[in-house]
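Participant: Residue numbers (the working numbering): 1 to 182.
Keep in mind that a hint or two might mislead.
With a Cα cut of at most 25 angstroms, we get these calculated DSS-like pairs of lysine-lysine [unchecked claim]: (1) Lys109 <-> Lys17; (2) Lys17 <-> Lys174; (3) Lys17 <-> Lys48; (4) Lys17 <-> Lys83; (5) Lys2 <-> Lys17; (6) Lys77 <-> Lys48; (7) Lys17 <-> Lys111; (8) Lys174 <-> Lys109.
Label pairs and their computed distance ranges (CB to CB) [claimed, not checked]: (9) Lys109 <-> His143: 22 to 30 angstroms; (10) Phe19 <-> Ile61: 35 to 43 angstroms; (11) Leu71 <-> Arg9: 48 to 56 angstroms.
Note that these hints are calculated values from the structure, not bench results. Just so it is clear, the structure is predicted and the values come from calculations on it, not from any experiment. Even glycine gets a Cβ: it sits at the ideal position worked out from N, Cα and C.
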Amino acid sequence: MKKYFQLYRPFFIFLLKFFVTYGILTFCYQMYLNSFDSKELEIDGMTKFVAYQTEDLLQFIGQDAYTIPHLGQACMKLFLNEKYLARVVEGCNAMSVMILFVAFVIAFKGKLKHTILFLIIGVLIIHLLNVLRIALLTIALFHYPEYEHLLHGVIFPLFIYGVVFGLWVIWVQKFSSYAKAS
Numbered sequence: 001m002k003k004y005f006q007l008y009r010p011f012f013i014f015l016l017k018f019f020v021t022y023g024i025l026t027f028c029y030q031m032y033l034n035s036f037d038s039k040e041l042e043i044d045g046m047t048k049f050v051a052y053q054t055e056d057l058l059q060f061i062g063q064d065a066y067t068i069p070h071l072g073q074a075c076m077k078l079f080l081n082e083k084y085l086a087r088v089v090e091g092c093n094a095m096s097v098m099i100l101f102v103a104f105v106i107a108f109k110g111k112l113k114h115t116i117l118f119l120i121i122g123v124l125i126i127h128l129l130n131v132l133r134i135a136l137l138t139i140a141l142f143h144y145p146e147y148e149h150l151l152h153g154v155i156f157p158l159f160i161y162g163v164v165f166g167l168w169v170i171w172v173q174k175f176s177s178y179a180k181a182s
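Hey, can you work out the whole structure from these sequences and the hints?
Facilitator: As structure tokens, then:
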């Protein structure tokens, strides 16, 4: 047993770092979410921020868009051309994706300066692409409502997770300690 632990030690260290980081960040995020009263339909700040930025992006590209708080749920309603098309809920703010991204990068260690810079740039990329994703999804739902499941459940999640996977590959191949060793 000890032989296997020694043989796979780097893998076990990776898993330990990943799950500890993921657990701590998820706990902190949950504490943040718990500070909002769901019974009073309070919407967390990050979800509002994403909804307002999506509205701003849609308006910037010439679309008639606006958001308002939902009266029956803790989310924002997104309208395009006076048509209610989407709810921006807590899960739409990409925080869980960012937590997953950060945990992976930290688990695959690199130089501190590179790690911090890559995390900041990566989280910013994920956030910007998430806002773009919601805006494009809203436009697509306006024109092709019959493809809601395909667009929301398949294509756009593949888009955001594909970008995160690409960022991980760049991290491992270019900046992590593993990249330096090989």
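Participant: If a hint holds in the structure, say so; if it does not, say that too.
Facilitator: Hint check results:
1. This hinted pair checks out: Lys109 and Lys17 have alpha carbons roughly 9 angstroms apart, not beyond 25 angstroms.
2. Note on Lys17 and Lys174: the hinted pairing holds, with a Cα-Cα distance of about 20 angstroms set against a maximum of 25 angstroms.
3. Between Lys17 and Lys48 the CA atoms are separated by roughly 31 angstroms; this puts the pair beyond 25 angstroms, and the hint is violated.
4. Taken as a hint, the Lys17 and Lys83 pair is broken in the structure, with Cα atoms around 46 angstroms apart against an allowance of 25 angstroms.
5. Simply put, Lys2 and Lys17 have alpha-carbon atoms about 20 angstroms apart, close enough for the 25 angstroms limit, and the pair holds.
6. The hinted pair formed by Lys77 and Lys48 meets the criterion: a straight-line CA distance of about 10 angstroms does not exceed 25 angstroms.
7. Distance restraint check for Lys17 and Lys111: the Cα-Cα separation of roughly 15 angstroms lies within the 25 angstroms cut-off, and the hinted pair is therefore satisfied.
8. A distance of roughly 12 angstroms separates the Cα atoms of Lys174 and Lys109; the hinted pair therefore holds under the 25 angstroms criterion.
9. For Lys109 and His143, the hinted distance range of 22 to 30 angstroms is not satisfied, since their beta carbons lie about 45 angstroms from each other.
10. For the hinted restraint 35 to 43 angstroms between Phe19 and Ile61, the CB-CB distance of approximately 41 angstroms keeps it satisfied.
11. The hinted range of 48 to 56 angstroms is satisfied by Leu71 and Arg9, whose Cβ atoms lie roughly 55 angstroms apart.
Hints 3, 4 and 9 from the list above are not met by this structure, while the remaining hints are.
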